[in-house]
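Let's have the full structure, built from the sequences with the hints guiding it.
Number of protein chains: 2
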Amino acid sequence: MSRTYDVLAIGNAIVDVIARCEEDFLHRQQIVKGAMNLIDEDRAESIYGAMGPATVISGGSAANTAVAAASFGARSAFIGKVKADPVGDLFAHDIVASGVAFGTTPATEGKATARSFILVTPDGERSMNTFLGACQDLTEADIDPATVEAATVTYLEGYLWDPPAAKIAFRKAAEIAHAAGREVAITLSDSFCVDRYRAEFRQLIVSGTVDLVFANEHELKALYETADFDTALAALRHEAKRAAVTRSEKGSVIIEGATTVEAPAFPIEKLEDATGAGDAYAAGFLFGYTTGLGYDKAGRLGSLAASHVIQKIGARPAQSLKELAQQNGLI
Amino acid sequence: MSRTYDVLAIGNAIVDVIARCEEDFLHRQQIVKGAMNLIDEDRAESIYGAMGPATVISGGSAANTAVAAASFGARSAFIGKVKADPVGDLFAHDIVASGVAFGTTPATEGKATARSFILVTPDGERSMNTFLGACQDLTEADIDPATVEAATVTYLEGYLWDPPAAKIAFRKAAEIAHAAGREVAITLSDSFCVDRYRAEFRQLIVSGTVDLVFANEHELKALYETADFDTALAALRHEAKRAAVTRSEKGSVIIEGATTVEAPAFPIEKLEDATGAGDAYAAGFLFGYTTGLGYDKAGRLGSLAASHVIQKIGARPAQSLKELAQQNGLI
Chain A
1081 MSRTYDVLAI GNAIVDVIAR CEEDFLHRQQ IVKGAMNLID EDRAESIYGA
1131 MGPATVISGG SAANTAVAAA SFGARSAFIG KVKADPVGDL FAHDIVASGV
1181 AFGTTPATEG KATARSFILV TPDGERSMNT FLGACQDLTE ADIDPATVEA
1231 ATVTYLEGYL WDPPAAKIAF RKAAEIAHAA GREVAITLSD SFCVDRYRAE
1281 FRQLIVSGTV DLVFANEHEL KALYETADFD TALAALRHEA KRAAVTRSEK
1331 GSVIIEGATT VEAPAFPIEK LEDATGAGDA YAAGFLFGYT TGLGYDKAGR
1381 LGSLAASHVI QKIGARPAQS LKELAQQNGL I
Chain B
1081 MSRTYDVLAI GNAIVDVIAR CEEDFLHRQQ IVKGAMNLID EDRAESIYGA
1131 MGPATVISGG SAANTAVAAA SFGARSAFIG KVKADPVGDL FAHDIVASGV
1181 AFGTTPATEG KATARSFILV TPDGERSMNT FLGACQDLTE ADIDPATVEA
1231 ATVTYLEGYL WDPPAAKIAF RKAAEIAHAA GREVAITLSD SFCVDRYRAE
1281 FRQLIVSGTV DLVFANEHEL KALYETADFD TALAALRHEA KRAAVTRSEK
1331 GSVIIEGATT VEAPAFPIEK LEDATGAGDA YAAGFLFGYT TGLGYDKAGR
1381 LGSLAASHVI QKIGARPAQS LKELAQQNGL I
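Top line first, the protein sequences correspond to chains A and B. Take any residue in the first sequence, count from 1 to its spot, add 1080: that is its number in this note's numbering. Take any residue in the second sequence, count from 1 to its spot, add 1080: that is its number in this note's numbering.
Everything hinted at is true.
No copy labels: a pair is met if it fits in one copy or bridges any two.
List time: in silico BS3-like cross-link candidates among lysine-lysine, alpha-carbon distance up to 25 Å:
1. K1330 x K1392
2. K1113 x K1301
3. K1350 x K1392
4. K1392 x K1402
5. K1301 x K1321
6. K1330 x K1402
7. K1350 x K1402
8. K1191 x K1247
Read the hints as simulated data drawn from the structure, not as lab findings.
Listed below in structure tokens is the structure:
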């Protein structure tokens, strides 16, 4: 193969339509705050009609991670399904313009490119309403073996369990990666996503289908159905090869067997839009991990990226994360 | 008529596609810095292909003014032409969601909705590359007499001279407004636009087709072909009924006959994206002017709105300008 990637991300290819709203808008629209709510086309139209003026920025959890990893200087690739429509063109333009290799063939039939209508409340929290559209058409045929074999880590989002065919693609990618001596990572994505697929996620971890687990505190507690963080962390330590657990302003905890590394959070001036905090953390961590910087630096790089993206609108970086890491003495 | 508007804005209906770039990108692409460059569809594709990841936000000069005026609490309407396509839907959604009355029938045939590819250099300056598309289809048939008659001020952008049929629509709107005892305002839009249409713009002013002129320092000097600001201002004072001239960090000068009012600029922390500074100034001024607050307050409201929009990405306000004006003791 002509190129080796540090990170290959596989996920839902989504364009974000972001608007500010007051708390009562969420109540009136029956939107679960802070969650990723799955919606159909009719509901998408109804929410869009009711929401305020919007900013449109390419998103998608794993895609955000691929872009932020590239911004750190990682060699980065993405697999995900758009339709050949104007929104799909936007997604493809942005990910390629961000320096990420992206060659998934767009669907020419079927549903439109996925959109997530993201409502940002005055506290900076984001509530997502996602119409999966063309993401439903990601199948194992889209998993190019040469790309997976060329990647140090193949990173998969838990949200892939929502479009039914994608989980088969997920398992195929994991098999190819392991057969080539590569590693597989997963993010648990969202505590409601964990509620939907708890048994399957635990099976992926216990069976060693994934080598590295990303989760936030809420997702971890949901996975082990406990309100106690330490209990959940102990369970994860027992079941997972290694994991990075984010705790908002408390930073992150990286565990591997008996090893525990705690990395602090970066201070922020103002939480503008929480969209993409976890995606950015994973990018910084994966950049540090795949380039051999160790868990402490990897965790700090993750925290730095997260602190950057939540101080602006949209989940993708607005400046070079490589320069930001250099300015902060991390690389 | 059932409703009276403070401001009716008529202009090109454009969606902005905004990306950051380095200075040398402008040189390589032969883009005139700080200007509005008119481009065709091929060039649009070529610039989009070369530019970085983008943020998509509704724009259009007069449309931005209508939205910002509404944000101050003005009763605001807009006339402009989109096509019935996804980009046109975005434009229509955003302007209506911003509280602006908008009823122009979208074109069902012809060119796509207008897009402006805006490159923001590290100094915060923006260089626009505009594909006019469906704006070419704005004709006098789109000027609804009842809407014009219902508006205290009909505000027209100089850019309307670029799509050939629109200048006829412009003149029709001015005639209807004056016949109803209303006023007409124009913004000169851009110094290159002034170079293209100098004789016609001066004729509009001298003939009294417009009652109020908005210009920045560069546009004013271009209008009277002089490098000396005071010479240009004296000429404008002689020819125009009244005018508001913006001077960036020096604030603005409002003139009417022998009267001169100078309004200071608001300090800014960081110039993020200069897009829409003039549009926002016009909105604040028109809100103050149409609600009888006097030239000093009108000028300060204009400066306040401009300082807000240039400290963020995109030309439209990110918070209530009414609240911002209240916080600053202006209303």
